[in-house]
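Chemist: Could you slot chain B onto chain A? The hints should help.
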Amino acid sequence: MTAYQERHFDYVMGPTQAPQFLSIAAGATITGIPLQLDQDAPFELRGFAARIPYSVFVVMSTVETEDISAIRVRYTQPGQDYLQQDFIGLGVNMAGFGQFGNPKPVFPSVRYPASGVIRVDVQNTGAVPVTNLTLYFRGVKLYPWGSVPNYTYPAKCATIPFVYPIVVPNVAVIDNGPHLNQVFRVQQDADFVLRASQGGLFFGNPPDDPGILEAFFRLYDEDKRPYSNAPVAVDVLFGQAIPPVNAFGTGNALPGLWYPEIYVLKNHILYYDVTRDDSIAVVAGADMHTHNLPLSFIGAKVFPQ
Amino acid sequence: MIYRPQFAYPSPAGCTERQFVYQFSGLNVPLLVGTIPAASEIHNIPLALQQDAPFFLRAISVLAPPLAVYPVSIQFKDAYGNLLSSDFVPVGQYVTPSGTPVGTLTVAFEPDVYCPAGSVLWVYVRNDDPAVAQTLPSISLLGVKRLMGAQ
Numbered sequence: 001m002t003a004y005q006e007r008h009f010d011y012v013m014g015p016t017q018a019p020q021f022l023s024i025a026a027g028a029t030i031t032g033i034p035l036q037l038d039q040d041a042p043f044e045l046r047g048f049a050a051r052i053p054y055s056v057f058v059v060m061s062t063v064e065t066e067d068i069s070a071i072r073v074r075y076t077q078p079g080q081d082y083l084q085q086d087f088i089g090l091g092v093n094m095a096g097f098g099q100f101g102n103p104k105p106v107f108p109s110v111r112y113p114a115s116g117v118i119r120v121d122v123q124n125t126g127a128v129p130v131t132n133l134t135l136y137f138r139g140v141k142l143y144p145w146g147s148v149p150n151y152t153y154p155a156k157c158a159t160i161p162f163v164y165p166i167v168v169p170n171v172a173v174i175d176n177g178p179h180l181n182q183v184f185r186v187q188q189d190a191d192f193v194l195r196a197s198q199g200g201l202f203f204g205n206p207p208d209d210p211g212i213l214e215a216f217f218r219l220y221d222e223d224k225r226p227y228s229n230a231p232v233a234v235d236v237l238f239g240q241a242i243p244p245v246n247a248f249g250t251g252n253a254l255p256g257l258w259y260p261e262i263y264v265l266k267n268h269i270l271y272y273d274v275t276r277d278d279s280i281a282v283v284a285g286a287d288m289h290t291h292n293l294p295l296s297f298i299g300a301k302v303f304p305q
Numbered sequence: 001m002i003y004r005p006q007f008a009y010p011s012p013a014g015c016t017e018r019q020f021v022y023q024f025s026g027l028n029v030p031l032l033v034g035t036i037p038a039a040s041e042i043h044n045i046p047l048a049l050q051q052d053a054p055f056f057l058r059a060i061s062v063l064a065p066p067l068a069v070y071p072v073s074i075q076f077k078d079a080y081g082n083l084l085s086s087d088f089v090p091v092g093q094y095v096t097p098s099g100t101p102v103g104t105l106t107v108a109f110e111p112d113v114y115c116p117a118g119s120v121l122w123v124y125v126r127n128d129d130p131a132v133a134q135t136l137p138s139i140s141l142l143g144v145k146r147l148m149g150a151q
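Chains A and B supply the protein sequences, listed in that same order. Note that the first sequence covers residues 1 to 305 in our numbering. Note that the second sequence covers residues 1 to 151 in our numbering.
With the rest of the complex left out, here is chain B:
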């Protein structure tokens, strides 16, 4: 079995890894602006990564409005087109952080997801509320950039 402490990944020789966080929201992704209509889906929201280095996605944190129940589900697709769930998963049951309101513990993705430099991850969002539009969430991708050589 592949049980080991999370993030205990050794860096390959000749590489330098730097912790990096991508933040996507309505401020930098047009499809995440505003709300999602009731009982609807938004497909293929691009989360474009930078071109300077590959990124190893190791945790996700999705910030949702402070509702008793946030009726939005989400699905991710990696840079190679692999879906990371069989269907939409309720945000609050999947990728919202723990530990609020005192600090936050992000949701680890195990194993980490390799994203080539300049690649795009995709996210799909569904509003499960039949009557009320919901604010779109913001999405943080946490991991490391792998840079070649000593930095």
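Next comes chain A alone, as it looks inside the complex:
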């Protein structure tokens, strides 16, 4: 047994947490951007990802497009020493920028104290500004055993693989209210251990309908304790299952993992928020529509014996 109870957590560092990320000018270097960590528990960093909104890639074909691979980043460990010798290009550092449920591993993991700060330096080496950059620091929060719910397997049990498909209906182009505090309830015949998730319909039926580009997901436990500090982009959390993005290195065989797995007793619940903001695509002239958003919770049913 580990010394601490680990609990999956994603720290989102986007324009809301770092206003400097709203627009990074071409050629600019911005240093010392702080990400304030929560005060409830230390955080152990184990993965890293980055993205900018898809809409700019997809829609702005007649102008020079923003390029996330022009972004170079470095960040600090506790004590403010950098974990990199110099700025590191996102395109060089990790496949797919750590998206699609496959973050760049950070190993050995780096432990930050409660209320700690990760300082980030960002550099845009491209010829155009980069807007709405978001960095994701994935890992686990560390709690003393018993301080947060810790449901686990019965002493004797049998398991079968199981998937709960979830359809979030009618997600509007700008949707920040109707799909908050949604309830996922485990069936009453068995416990469920959530190990991975998958999502789809990000690209709809192009070119007429780009589908859903900017959807965000936030998971909470039964006590409304979140598994992230802010909503996480669905295509960072989950695998990219559906073409036209070929699922190479991602996809159904490599779905986004919840680590540690989340054990939910039968008939118990998790909460989740789904939001969407495709306003950038609308302003750029894309024909966006309301869509259902299909998601899957992947794991195993646990039958006590």
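Honestly, the hints are just simulated from the structure, not real lab data. There is no bait here: all hints are sound.
Calculated cross-link-like contacts (lysine to any residue; reagent style SDA-like; alpha-carbon spacing at most 25 Å):
| id | chain 1 | residue 1 | chain 2 | residue 2 |
| --- | --- | --- | --- | --- |
| 1 | A | Lys266 | B | Tyr114 |
| 2 | B | Lys77 | A | Tyr263 |
| 3 | A | Lys266 | A | Phe303 |
Modeler: Chain B in isolation, oriented as in the chain A frame:
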């Protein structure tokens, strides 16, 4: 927690395990021939396993037509009648392989699913397209046969 490398299952003493693949399609399953009509479901498509040895299902690969969106959902039932999902799940979000077009990574089922010799798995297919019939997929079941004694 039960985290371990997938497929790192030891073979019991006195048994030999052989990798085995079952392939089901319109060539050997009549209910998988042709298309499924728009907005319809096909239930109880049998995937009959061979009688010589138990089979441990460890991965599935469903090959769908190369469409931008393949609007077909699927649901599996194991040999004991246990559904493996709470509802139909879009094929492209569930059991299509990763890594196309360079090789394929099949979708692991964790834990593996025990199938007695000669048993039948069942699959349910639903066409979510309200207007257009869709080609039925082919289904590959990957795993091991457990044979008694040294082989």
